[in-house]
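Just need the whole structure built from these sequences, with the hints factored in.
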Amino acid sequence: MGKVAFWQGNEALAMGALAAGCNFFGGYPITPSTEIAEKMAEELPKIDGRFIQMEDEIAAIAATIGASIAGSKSLTATSGPGFSLKQENLGLAYEAEVPMVLVDVMRGGPSTGLPTKAAQQDVMQARWGTHGDHGTIAYAPSSVEECYSLAIEAFNSAERYRQPVLIMSDAEIGHMREKIEIPEPGSFKIVNRKRPSVEPDKFLAYAADPDDDIPAMASFGDGYRWHVTGLTHNDWGFPTNNGDEIDKKMRRLMRKIDRFRDDIVKYDTLFAEDAEVLIVSYGSVARSSTRAVKDARARNIKAGHFRPITLWPFPDKELEKLARKVKTIIVPELNCGQLVHEVERAVHGKAKVVSATLVNGELFHPSEILEKITQEVR
Amino acid sequence: MPSKEVYSWLRTRFFPHMWCPGCGHGIVMHALLRALVDLEKDQNNTVIASGIGCSSRLPGYIDACTMHTTHGRSLGFATGIKMSKPELTVIDVMGDGDCSAIGGNHFIHACRRNIDITAIVMNNNIYGMTGGQASPTTPGGALATTAPYGAIDPTFDICRLAEGAGATFVARTTIANPKQAEKFIVDAVKHKGFSVVEIVSSCHTQFGRKNNRKTPISNIEYLKSASVMKEKAKDMSPEDLLGKIVVGEFVNKVAPEYTEQYLAMTKKVREA
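From first to last, the protein sequence lines stand for chains A and B. Sequential numbering of the first sequence, starting at 1, is according to my numbering. Sequential numbering of the second sequence, starting at 1, is according to my numbering.
Lysine-lysine pairs mimicking BS3-like chemistry, simulated, CA-CA at most 30 Å apart:
no., chain 1, residue 1, chain 2, residue 2
1, A, K3, B, K267
2, B, K4, A, K202
3, B, K267, A, K46
4, A, K321, A, K294
5, A, K202, B, K41
6, B, K268, A, K46
Because the hints were derived from the structure by calculation, they are not lab data. All values derive from a computational prediction rather than experimental measurement.
Printed below as a string of structure tokens:
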């Protein structure tokens, strides 16, 4: 058993990142994510890590990507408007296959929206925010403890799959305080990117291993010379207009996530096995849902909860299995209905899907979700 | 022809390059490579970064640690690399639009931080790659596809911008003086802090054909005749300086360098 702390979600996220080996943070202040930058500014100098506050969100992610290319494990954190600004360079990290972690502590939108209120309006932006096709890995923590553990998981995935990984937190999770048992170092797995096994003169920067479709990554300054570009490139890393090379690159970019989908997908369930009404929710909403489901059970209503921990890839197969047995699926979200479309796609008509939306800046009260449940069993 | 030493810095595998025959950017690349050879830099520990545009294709042709990033943002990436590994030599090449339009904010803040990166601004007064649109350095009255009746926007003086923002080494030359370009790049890379070398380049294809400088040689002749050494410019009136390119070293001063400051701070924190 490790030490016990009483941490804020944002603080736990920063500490989890450090536990994962993060040694670079490129940031820019924005509510409600700023505490992550503040914690990293305080902690990184102590471990000879690097913190830099850049001139804007665009430069913050640029520095984060640059640091990773030089071999650092790097993090940036933001919220809605900053997430929008970061999309361009996020695309470069997908295209150039640069591992890094981006935290979006979601607030209400569009535009400046509701800086201090929790929302879940960036779920689809996480999937499709930057232009062009790419696989997405996005985690949604719903507790302070999970901010810590998913920060480690996010770094491991970024390093393993060689791409940016997103943590979609929200203002409620980021700002609330909870007890957390800090895992002992060594009690969890740390993944580091695959390094080239060939001599520098034989190194092809984007030649992927057929076993995993992931190219080994050298760092600038470690004896390997290579070219990084946001242009579609061949195995040399050089821009190409050759249709075969373009197709090869694009297909591999998707495949390297698709083929490991089962390893990446994470979800949690509560009373789901015999549920007649299933709640599907994530992030801060999952906490209200958990209470509501327990209250429903106390009233002898067969309610259950399915919590996607990876929003992307979405745990569709797993949800589909449950959908065959339930009557109704209710999807409460702090948006006008985003992940509900994924639920509908996964369920494919096997159960009735009900969207429950809340966009007034407040959180779902468990009684509101319970009310939805009782409506469905009436 | 490049020397044997310069040749060893080229990725000839990726030739032919994509610049138009007669483009000024090749002169900049050659001057940069001669400077790196002069400085006996190690290819494994030299980073050349760029953004987007004709200028930004330069790193791809250099056999070093090279990075072709997003439009205007290259200094952000370069800053991350330099912070991560301060021992690396980091050079950032950019065009006039890249540096002073879309990347203007990143440029002034890199100057302000005085981080040990050398920015080489290849200023050809036009957006060449997209077909000849006006940039923040397109001279008043010049024709561009987005200024079909003549540019009316006031221009940026990139060197004065850099100086004002805090760069500690600032110099300007033109592709008509490749020896001076080489010397300024050597001095800039040796300089501890953020250094800026503006090299006025030429684009006969997109700028020249609309502005009476259709051939590469007419551009070189123009740059030669328009250049005025800063020592001479000092005594010239603003009217006489209209349309002139003042060349020379404008700033060369000692100031705390960012990564050194950062490392000194972390050392203090760890010893506390």
